[in-house]
Amino acid sequence: METSGISPKINVNHKKCSGCRVCEQICTFSHEQEFNPRRARIKILIREKEGINAPLLCIQCKKCLSACKRDALSWDEKVGVVRVDKDRCNGCGLCIAACEQAAIFLDPISKKVNICDLCNGDPQCVKWCTQDVLRYETTNALQS
1 METSGISPKI
11 NVNHKKCSGC
21 RVCEQICTFS
31 HEQEFNPRRA
41 RIKILIREKE
51 GINAPLLCIQ
61 CKKCLSACKR
71 DALSWDEKVG
81 VVRVDKDRCN
91 GCGLCIAACE
101 QAAIFLDPIS
111 KKVNICDLCN
121 GDPQCVKWCT
131 QDVLRYETTN
141 ALQS
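So in our numbering, spot 92 of the sequence shown is number 92, and the numbers just go up one at a time.
Treat the hints as calculated values from the structure; they're not laboratory data.
Even glycine gets a Cβ: it sits at the ideal position worked out from N, Cα and C.
Keep in mind that a hint or two might mislead.
Heads up, simulated DSSO-like pairs for lysine-lysine below, C-alpha to C-alpha not over 27 Å straight-line [to be verified]: (1) K127 - K62; (2) K127 - K15; (3) K112 - K49; (4) K86 - K112; (5) K63 - K43; (6) K9 - K86; (7) K62 - K43; (8) K78 - K16; (9) K49 - K78; (10) K43 - K9; (11) K86 - K49; (12) K49 - K69; (13) K69 - K15; (14) K9 - K63; (15) K86 - K111; (16) K16 - K86; (17) K43 - K69; (18) K16 - K112; (19) K112 - K63; (20) K9 - K78; (21) K78 - K62.
Cβ-Cβ distance ranges computed for the label pairs, FRET-style [to be verified]: (22) R70 - A102: 13 to 23 Å; (23) R88 - E50: 32 to 42 Å; (24) N90 - K49: 17 to 27 Å; (25) E50 - E77: 14 to 24 Å; (26) C92 - Q131: 11 to 21 Å; (27) K49 - T139: 19 to 29 Å; (28) A54 - A98: 13 to 23 Å; (29) K69 - E48: 17 to 27 Å; (30) K16 - K69: 30 to 40 Å; (31) E34 - D87: 18 to 28 Å.
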């Protein structure tokens, strides 16, 4: 067996989430230099009747890669994330439909998809989460 890059992910403890949406705010500020949760790469699904707040974010499973017919999505082996080529993306939504986590979002301004890029290994949502809901973990990915 040999190592093949890293396998980062953000683990979520849904039970701790208060629905404050700080993660959405810091995400858009980090990427877009504005506070606009509609452009976030993480979303909080709030179900008031059930009392559930569920952060939705990419788990880097790569299922979206084969769904994109424009080759706008690629795997960044160095960081271990899915990358979006905004010049190739036409916002068709095939990758959104393929995402079992419901964690690919159409940017309402650019009309291109946004996918969590883990802030290039320094996820700001984890740092700013006031409830310790999000935990960043990195492991070496092994391949036979």
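Each hint, compared with the structure:
no. : hint                   : verdict
1   : K127 - K62             : holds, 25 Å
2   : K127 - K15             : holds, 18 Å
3   : K112 - K49             : violated, 32 Å
4   : K86 - K112             : holds, 7 Å
5   : K63 - K43              : holds, 19 Å
6   : K9 - K86               : holds, 23 Å
7   : K62 - K43              : holds, 19 Å
8   : K78 - K16              : violated, 31 Å
9   : K49 - K78              : violated, 42 Å
10  : K43 - K9               : holds, 16 Å
11  : K86 - K49              : violated, 37 Å
12  : K49 - K69              : violated, 39 Å
13  : K69 - K15              : violated, 37 Å
14  : K9 - K63               : holds, 15 Å
15  : K86 - K111             : holds, 10 Å
16  : K16 - K86              : violated, 34 Å
17  : K43 - K69              : holds, 25 Å
18  : K16 - K112             : violated, 31 Å
19  : K112 - K63             : holds, 18 Å
20  : K9 - K78               : holds, 14 Å
21  : K78 - K62              : holds, 15 Å
22  : R70 - A102: 13 to 23 Å : holds, 21 Å
23  : R88 - E50: 32 to 42 Å  : holds, 39 Å
24  : N90 - K49: 17 to 27 Å  : violated, 37 Å
25  : E50 - E77: 14 to 24 Å  : violated, 39 Å
26  : C92 - Q131: 11 to 21 Å : violated, 36 Å
27  : K49 - T139: 19 to 29 Å : violated, 37 Å
28  : A54 - A98: 13 to 23 Å  : holds, 20 Å
29  : K69 - E48: 17 to 27 Å  : violated, 38 Å
30  : K16 - K69: 30 to 40 Å  : holds, 39 Å
31  : E34 - D87: 18 to 28 Å  : holds, 22 Å
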